[in-house]
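Protein chains in written order, with the working numbering: chain W, 170 to 405; chain V, -14 to 407.
These are calculated hints, taken from the structure and not from any lab test.
We treat Cβ as the ideally placed atom computed from N, Cα and C, and that holds for glycine.
No false leads were mixed into what you were given.
Derived contacts from chain W toward chain V, CB cut-off under 7 Å, selection only:
hint, residue
1, Lys228
2, Val316
3, Asn319
4, Pro323
5, Ser403
Keeping only pairs whose Cα atoms sit at most 35 Å apart, straight-line, the calculated DSBU-like set for lysine-lysine is:
hint, chain 1, residue 1, chain 2, residue 2
6, W, Lys228, V, Lys168
7, V, Lys261, V, Lys396
8, V, Lys168, V, Lys134
9, V, Lys261, W, Lys228
10, V, Lys396, V, Lys168
11, V, Lys304, V, Lys396
12, V, Lys346, W, Lys225
13, V, Lys346, V, Lys396
14, V, Lys168, V, Lys261
15, V, Lys261, V, Lys134
16, W, Lys214, V, Lys304
17, V, Lys396, V, Lys286
18, W, Lys214, W, Lys228
19, V, Lys168, V, Lys346
20, W, Lys228, V, Lys396
21, V, Lys34, V, Lys168
22, V, Lys261, W, Lys225
23, W, Lys228, V, Lys346
24, V, Lys261, V, Lys304
25, V, Lys34, V, Lys134
26, W, Lys225, W, Lys214
27, W, Lys214, V, Lys346
28, V, Lys168, V, Lys304
29, V, Lys304, V, Lys346
30, V, Lys304, W, Lys228
31, V, Lys346, V, Lys261
32, V, Lys304, W, Lys225
33, V, Lys286, V, Lys304
34, W, Lys225, V, Lys396
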Amino acid sequence: MRDIIVHELTQATQELVREFARFLPRLMVMLIVVLVGWVIAYLVKSILRSFLRLIKFDKLSEGAGATQLLNKAALPSSTELVSRFAFWTAWLGFILVGVSALGILGMQEYVTRFFVFLPRLLVALIFLFIGLLAASFFSRAALLWAVNTNMPSPRLLSSAARVLITVFTASAVFEELGLADSTMLLAFAIVMGAVMLGLAIAFGLGGQDLARRFLEARFAPEKKEGQEREDELSPL
Amino acid sequence: MAEESILTDEFLRQLIDVGEADVLVGVPTYNNAATVGQVVQTIRAGLLKYFPRERAVIVNADGGSRDQTPELVRGASINDLQHSTDLTALRTLHSISAEYPGGPATGTALRTILASAELLRASACAVVSPESTTIEPEWIERLLRPVYKGNFDFVTPLYRRHKFDGLLMRNLVYPMTRAFYGKQVREPYAAEFSFSGQLASHFLGQEIWTHEVGQAGTEIALTISAITGGFRLAQSFLGAKPHVDARAADLVAAMRQTVGALFWSLEPNFSIWSAKSDSQPIPTLGAAQEVTLEPLRINRKRLFSMFRSGVAELEPVLKSILSSSTLTELQRISALEEDDFLFGDELWARTIYEFAASYHKAVISRDHVVQALAPLYRGRAFTFLVENREASGEQVEQNVEDFCMTCERLKPSLLELWNGRK
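Just chain W, with the same shape it has in the complex (with noise of 0.2 Å):
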């Protein structure tokens, strides 16, 4: 009996020693990997950012109001922040090969999911770029119209085209993500649907006289019988 034991014991001792013995390797390679990985993804960000300021993202970002955004948030510049970006995800990607050197049961199918997730990431990262600085565009130029056509309401008009974007990029973020795909999209008719049919109804019934004044001055634009005509004053 004691024999057994003994017998059973150094057997498994043997075992655990073997496993470790075999497991040892794989988890140098994992952190050879992962050491590799953060000097290549370091360089990346490296090359990246001095890429970017080569080619003035920074100011391109300024001009089409993401830095301000950006600022707002207490984010960095945008060259910093998809330098960064770059970084993490090339790093991520080494350490999920390293793990997956371990060979843990389970843990290849999480490494093969992130590596098919990261394009549509990297998509629905830049969707949502461009549509918020298309939103900041499109609600200043939209105020700038309003203003210099002396439209009432600028800044409606300006958070209205801003709202309108910034909701439709937001869907096509989550749609690209893959995220409760029927309940944005559900969500989204309903938005668009609400405001439409709101927009609709204040036009029509509470801006009759605004509509009819507009309509008036852009196809009926001749002066009433009796109204004083203004000299026309060239500014050039």
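Given chain W's structure and the hints, the job is docking chain V onto it.
For chain V alone, coordinates are given in the frame of chain W:
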């Protein structure tokens, strides 16, 4: 060669038929049927009367008119003119008309005329607006003669204007062009001007044609190019300017074509304008600027209310363009009552310089920077109208001169902003 890419086969065929020319008058058109016939007849009369011995050609560059403008140009027959007057041509007076490619754009039309002038080896060329209904035959002589005699390379016009006509020109375009480039060219954005054949080749070699100013606002870009190229400049008095300038029908569009092009020019010409600290007059041929004073009905209240609402509504945009002190000052004056309101020379000059620096730094879209200046210009225009309500022509001119001096005095502040020291 530049003309290879811009002149169509039809244009080339007609130009080859002409051969060579001594003087050329270009008329850029697009749907100008209402006025172009009279303008071309007057140009012909001017050429016959003042250049009867020279080989002359009228070049009509059309942007694809659908109102028979080219037909009217071709139909403005020389015979009608000769029957009704005692004018006789000693040489053939050519007249060609063709459509340039790419759709209507003043810049492309001007480039076509320049390329034609280069191809025909013309000594002196003039451009005349098809809407200049006040044109007289003498305009052709006053524009072409100084260049044809070989005394000058670039001649801009001087007009008889109402004291409230051309407010943007008086309050921004002229003073700023003068402060930036050091030459007192009164009409830097002219519908009529003339240039030598040598200058035409210089213009064609400029980089403006690959930029937006090569499409719209080309007139001011050409003036700046003549100044920075060190060419001999003069200004010649023509007569009364037509009351309505179609190029200025929309204020924002007018600002894009003038202020946008002026701000754009600062970047490639930094080394030139940054070295100028004052301005020099250029020779004036004929009378100086004439000012008329007949009463006009102008809606000043609208200008004021649009300025006031612009400052309030555009606050987030103006914050990214202007310094906090300038914005605060603008907000202060926008809160004043109409009777107390004054948008003074210093504040207006400082505002323009800060806009120019923000345009350079592209703090927001450059087109948005130019658009955001429009409401502020309305405030300045209001002050100009009020200040000069009872002013004589001389007083108006003196006020414009005072503002020009203020712009020149404050120019170092632009350099500080440009170099990012503020």
